[in-house]
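Participant: As given, the protein sequences belong to chains A and B, one line each in that order.
Count along the first sequence starting at 1, add 178, and that's the number in my numbering.
Count along the second sequence starting at 1, add 1204, and that's the number in my numbering.
Note that these hints are calculated values from the structure, not bench results.
Bear in mind the structure is a predicted one, so any value in this text is a computation, not a measurement.
Beta carbons: idealized from backbone N, C-alpha and C, even for Gly.
If the Cβ cut is set under 10 angstroms, some of the chain A residues that face chain B in the computed set are: (1) Leu401; (2) Gln422; (3) Ser423; (4) Glu476.
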Amino acid sequence: MTPLVYVFEEQVRDLLSQAGDVRLLDGVAYGFDDWTVFHAYTEKPSFTPSGHICPCVAMRSDATGFVDEEKLMLQVRSRVDPDGGPIVVLLVGTGVADSPSCRALVLTEKGVAGADTRFVPRRSELFSRNTGLLETSALAEKKVVIVGLGSGGSPIALELARAGIGHFTLIDFDRLELGNISRHVCGVNDLGRYKTLAVRDQLLQKNPFAEVSTMEVNINQALSQVEDAVAASDLLIVASDNDQSRFNLNQMSLNNNKVALYGRAITRAAGGDVLRVRPWKGPCYNCIFSSGLIDGREEEMSQKRQALAILPAYVEEDKINTMIQVGLSSDIAPIANMMTKMALVELSRGIETGMSTVDEDLASDFYVWANRREEAYANWPRMGFKWTHPSILRWYGARVDRDPNCLVCGGHLEEEPAT
Amino acid sequence: MGWSSQQSTRLHLEMDILSRYFPTFFLKDSIIPGHAIIEGTLRSNAGHEYIVRLHVPADLPNSVPIVEIVSPVLRDRFGHSLADLGTSYPMHLLKPENGVVRICHYSASHWSPNITFSKILLKIRAWLEAYEGHLDSGYAIDHYLPHMTA
Chain A
179 MTPLVYVFEE QVRDLLSQAG DVRLLDGVAY GFDDWTVFHA YTEKPSFTPS
229 GHICPCVAMR SDATGFVDEE KLMLQVRSRV DPDGGPIVVL LVGTGVADSP
279 SCRALVLTEK GVAGADTRFV PRRSELFSRN TGLLETSALA EKKVVIVGLG
329 SGGSPIALEL ARAGIGHFTL IDFDRLELGN ISRHVCGVND LGRYKTLAVR
379 DQLLQKNPFA EVSTMEVNIN QALSQVEDAV AASDLLIVAS DNDQSRFNLN
429 QMSLNNNKVA LYGRAITRAA GGDVLRVRPW KGPCYNCIFS SGLIDGREEE
479 MSQKRQALAI LPAYVEEDKI NTMIQVGLSS DIAPIANMMT KMALVELSRG
529 IETGMSTVDE DLASDFYVWA NRREEAYANW PRMGFKWTHP SILRWYGARV
579 DRDPNCLVCG GHLEEEPAT
Chain B
1205 MGWSSQQSTR LHLEMDILSR YFPTFFLKDS IIPGHAIIEG TLRSNAGHEY
1255 IVRLHVPADL PNSVPIVEIV SPVLRDRFGH SLADLGTSYP MHLLKPENGV
1305 VRICHYSASH WSPNITFSKI LLKIRAWLEA YEGHLDSGYA IDHYLPHMTA
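Could you build the full structure based on these sequences and the hints that come with them?
Facilitator: Dropping the structure here:
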């Protein structure tokens, strides 16, 4: 099989734009599938790549001193010591209409083999449903803050990257542990890493040109830092696992007049809920929390740290352990998916993205997901074949108004804060 | 960084309510969030006085304030310092700091920004009655004050 080499067009253009006599340049490549596929980089990639590392050298074929491939290979062999592994050689130049061209060779102990070369398109060509990486450029300038990069927040981040959101701020202070993996978008090769950084790499795999900043902070202890990020965003997505953080983020959303989406699963992910806060126009998080709508819908506890944060110190270990009851990844997915849809609706306001009919349908600010006939839904009828009674595996929108007595957004405030 | 305008408004609201129902309570060191405290005296039905200190959280009103009984030094019916009990489920106590007893009034899972300091002090007032009941009877405080369901 002819080896296949993928190269970032942006990097090739950068190399070609360098003035002067560019000789051999050290890069890096990652090989897959018995060294038949390579991803080659002339510069350090912005994300953590996968594959087996091997040397890569690049040269401008129009550079002074370039004679022929045979001499080049001699130069390459003297330059790198691959321990018997392959070396990827990139010969970059200018083709038709000044477009960049790149020829790749793979040098092994057996000799030199020509490779098929393909470009990963540059930023301006990313957005094409048929040929590009992403479907649309409409949302490329949008900025999203996501707080909580666990089983709920991480798939939302990934879906928004797929949808072409161009700017992310990821906030979480947790590291990826073994118990997280089965419900998380990241895998065992990310164990021990900050969830923010591991998810950032996943986002950049989908959109290498996305701007992703991360904050490894406990938001309850870094309020002004987090509020600065919220103020600079278009949308706040809250997938954190405790009410204190949600209350604080609710205040930031109101202070800065930023729409916020909150999502959570209830115990064992028997269901969940999603709230959209339209500051000063609809109910805030505290209005919902105090409304009784979520009474009897205890939040899912997925880890000991989460339980310890809300329980008094005298609660025994056994009780804490019994509170940790998690659902499956497939139980969380509908909640993350609903939040993604609502995020896209909010981010698409005033932009043609095909979300307008969804916007018309999502008239409510508070949605409840019934997942299984357990916990809050234990007495519900079986789904069967009727459409006329409540059933699991459906979303229910609730009409909820602002609470005039809410001490966060209600009547005690004389006026909305200026933003 | 000082209190936000919303927090300042809330602090004024809290102090307005306290001035009506707990007039001995006053605000100290109010400029720096995380350092402000509210202190005052609660008097039990039996006429005993307790100095109570409430620490205003830096993220007011979004987390549970710490409440301490500053004086007198609280002892159980058998003469042992309550602070020496450490965290105590039957006595509704959290881990003491600097030998000062901290009362478990609302857990984080029951907290909401709609809860005012006045409501907290009402619970502390009830705790003090239960404490004096303990001194009389020997029953633990949760005999008089059942725990809120989780």
